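Sequential numbering from 0 applies to the sequence shown in numbering that gives the first Met the number 0.
If you're looking for bench data, these hints aren't it; they were derived computationally from the structure. Predicted, not measured: the structure shown is a model, and the values here were computed from it. Check the hints yourself; a few may be wrong.
Said to hold, decoys possible - With a straight-line Cα cutoff of 16 Å, these simulated EDC-like cross-link-like pairs (lysine to aspartate or glutamate) come out:
id	residue 1	residue 2
1	Lys501	Asp564
2	Lys156	Asp109
3	Lys501	Glu586
4	Lys501	Glu470
5	Lys501	Asp575
6	Lys156	Glu72
7	Lys501	Asp451
8	Lys665	Asp644
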Amino acid sequence: MIHTHTPYTPRQQSLRGTGAALSPVALRQMATGESEDTARTELADSEHLIPMPTPEQARGEARIFRALITAYERHRPTLTGGPYGIHSLTPRTGELVVRIASSQLDRWIDALAYRRDGAGVVGLRWAGCQDGIALTVPGMRLVLADISETEWRDALKRRPADQSSLMPHWIPRFSREPEHAAAQDDEFASIAEHLSATLRRVRLIDPLTRISGHAHLFISRHRDELHLFEACEATPTVLPLWTSRSVPVALWPAQSLPAPGPADPRTAVLDLLTEIEPGRLSTPPHDRPAARALCHIAGHNAEPVLIEAANHILNIATCVLADPAHASVYAAGGWAGSCRTYPEGRVHGGDPCPPPGAELIADLPAEALQRLGRHLSSRPSDTSHTDLISAGHEELVHLLDWALAAATRPASPEWTRNSADGTLQHTQPLSDRDGVLTLTATTTGVYRVSLDALGLSDLADEQDTVEWEREAAPSQSAAALLAEHAAIEAAVCLPFQREHHKQRLLLPAAVPAEPTIRSVIAGADYVLGFATLGSVLGRLHGRVASSRGATDGHWRADTRLDQPDRPATLTALISDWFALPSPRRGEAANTSPVDNPIYLRHLAAHRAALDPFVTRYLAAADSLPGERTFEERHLAGFAALRTTDLSALAATEIRPVGERLLRLVKALPQEPTQLTPWYEQHLDHA
Numbered sequence: 000m001i002h003t004h005t006p007y008t009p010r011q012q013s014l015r016g017t018g019a020a021l022s023p024v025a026l027r028q029m030a031t032g033e034s035e036d037t038a039r040t041e042l043a044d045s046e047h048l049i050p051m052p053t054p055e056q057a058r059g060e061a062r063i064f065r066a067l068i069t070a071y072e073r074h075r076p077t078l079t080g081g082p083y084g085i086h087s088l089t090p091r092t093g094e095l096v097v098r099i100a101s102s103q104l105d106r107w108i109d110a111l112a113y114r115r116d117g118a119g120v121v122g123l124r125w126a127g128c129q130d131g132i133a134l135t136v137p138g139m140r141l142v143l144a145d146i147s148e149t150e151w152r153d154a155l156k157r158r159p160a161d162q163s164s165l166m167p168h169w170i171p172r173f174s175r176e177p178e179h180a181a182a183q184d185d186e187f188a189s190i191a192e193h194l195s196a197t198l199r200r201v202r203l204i205d206p207l208t209r210i211s212g213h214a215h216l217f218i219s220r221h222r223d224e225l226h227l228f229e230a231c232e233a234t235p236t237v238l239p240l241w242t243s244r245s246v247p248v249a250l251w252p253a254q255s256l257p258a259p260g261p262a263d264p265r266t267a268v269l270d271l272l273t274e275i276e277p278g279r280l281s282t283p284p285h286d287r288p289a290a291r292a293l294c295h296i297a298g299h300n301a302e303p304v305l306i307e308a309a310n311h312i313l314n315i316a317t318c319v320l321a322d323p324a325h326a327s328v329y330a331a332g333g334w335a336g337s338c339r340t341y342p343e344g345r346v347h348g349g350d351p352c353p354p355p356g357a358e359l360i361a362d363l364p365a366e367a368l369q370r371l372g373r374h375l376s377s378r379p380s381d382t383s384h385t386d387l388i389s390a391g392h393e394e395l396v397h398l399l400d401w402a403l404a405a406a407t408r409p410a411s412p413e414w415t416r417n418s419a420d421g422t423l424q425h426t427q428p429l430s431d432r433d434g435v436l437t438l439t440a441t442t443t444g445v446y447r448v449s450l451d452a453l454g455l456s457d458l459a460d461e462q463d464t465v466e467w468e469r470e471a472a473p474s475q476s477a478a479a480l481l482a483e484h485a486a487i488e489a490a491v492c493l494p495f496q497r498e499h500h501k502q503r504l505l506l507p508a509a510v511p512a513e514p515t516i517r518s519v520i521a522g523a524d525y526v527l528g529f530a531t532l533g534s535v536l537g538r539l540h541g542r543v544a545s546s547r548g549a550t551d552g553h554w555r556a557d558t559r560l561d562q563p564d565r566p567a568t569l570t571a572l573i574s575d576w577f578a579l580p581s582p583r584r585g586e587a588a589n590t591s592p593v594d595n596p597i598y599l600r601h602l603a604a605h606r607a608a609l610d611p612f613v614t615r616y617l618a619a620a621d622s623l624p625g626e627r628t629f630e631e632r633h634l635a636g637f638a639a640l641r642t643t644d645l646s647a648l649a650a651t652e653i654r655p656v657g658e659r660l661l662r663l664v665k666a667l668p669q670e671p672t673q674l675t676p677w678y679e680q681h682l683d684h685a
């Protein structure tokens, strides 16, 4: 058995690990959405999979992408032809060719046209060109491909008269345009390269929309630093797309090194240990103090074989940190963000991203890797040479992770040490609302990041605290690194955070005056579909003897002290089962059927939805007043679906409704005892 001496599980084979099996054309298409022919043609003349833009081109692209992010906000790419309306794009050093859905042309114009409130891109000009419409600011060119000048002019005419339009190229620059353009550049200078690189890889967003269906990027500030956040899966993360998706390193952007120059990992690990765990420094000093410090940070004793390995890793880290091709390890709060993806699946359900330089570890002699693996094995005589080599390789990758995390640590907060137990704590007020951000790192390597004193009514049963993250790290120094990175996300988490009892958003979303099933689905993080409902109906038949009607209250008073109320209707039972947001007792939604505008407003406020078939079934089932058996309520739901024009019902769904789902609905049995065989047959035919 192999012991890694850390709380993290061994790495799985990631996309980057199998990058060699993917052709350069396929890799590029992952990021750009280009056709195979276009990608192949572009790669013939390009040194990199995704060309690096000139500095002026990157700044212009950053301003355009910032305007799109602001205008589109949270949206469904299936309804806009792609994230931000982008079907595909072709990045070049001095140009970006973008192909947008024709339906998005007006929206792009509204997003990019500069207005006095600061929205849009100041100084942007347009001109017809051979490939479409060229949008330019000094030093930057973006081509909207396959759009004729006639289409463009018609779209401009559709703009409201009280808003400024994009100007043609022959209009001279206004007197204050350079000043306003410089202000826009300065505002986002710290993340301009990151914004440009993300835009050039925008189709990497696609897999991140698989749960909620939404693309959602936003920019926010933490400790006076701007960060680009991604919340496509309704959980904000500050990781770059290429890191969060663990894509092959060839797709990573080359960027500028930090102004002070490349970090020295040896100095960084010693500085970290000096600050966080000064008592752990070697006394008296020994050879290779930085290697010894790295061993401790990674959770190891400073034994000769490990010191040798750590010293080798520090050499690799020095090369990585000085290489502009890997400069994005400094982005988004540093490489500690990738360390937070342990165990596998912590971020986006993907594997941890192997650090740049990991490929150099594989070049080590097998004997060296085997020696390290044998040292970490509790039963080396019973472990194969291959497993020993693999264990040695994995441990070196872990060491490289921590070396890069220490070296890319942003400016650290002021930690306060508890003299009794050595626990470190940092608190700071939230910048945009009442509350306190609290970070804790114990001597045993457990860290906690939470928001306290928020004054939100839904947190009354949770001591007015939102715990964003609590995890274990291999040392107190490592715990401090991870807590500092998690704090970046925690500072912006409240609009995405739900209370645990009823899964309600702590900060409900704005709701349209007259929501429809269609509009509620469009804004939902999670939609309960009929196939998912069908998976539990058979089990509910065996567990639910009776339930109340909607007018009696979905949730009713409970005499138990540990739970203030209990689910009383079929809707409430199913909502509780699938962790859907439920109304409180006393709210109008608590006595409304699910197809009533009052209940739809409740769902919209908490960004959840029921598909049209679930809505029809539950509305009918809960329409029976008083105490009724499951059989009676199921019969009512069955009858409602059986007498409904399913094609018309499907038209109220914004997502595609397949024939297989319609067959499942049509086959719903009247007899509750047949519900389980009905669904199992559906699975057999899936």
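Hints, one by one, checked against the model:
no.: 1; hint: Lys501 - Asp564; in the structure: 10 Å, holds
no.: 2; hint: Lys156 - Asp109; in the structure: 12 Å, holds
no.: 3; hint: Lys501 - Glu586; in the structure: 14 Å, holds
no.: 4; hint: Lys501 - Glu470; in the structure: 24 Å, violated
no.: 5; hint: Lys501 - Asp575; in the structure: 7 Å, holds
no.: 6; hint: Lys156 - Glu72; in the structure: 25 Å, violated
no.: 7; hint: Lys501 - Asp451; in the structure: 20 Å, violated
no.: 8; hint: Lys665 - Asp644; in the structure: 11 Å, holds
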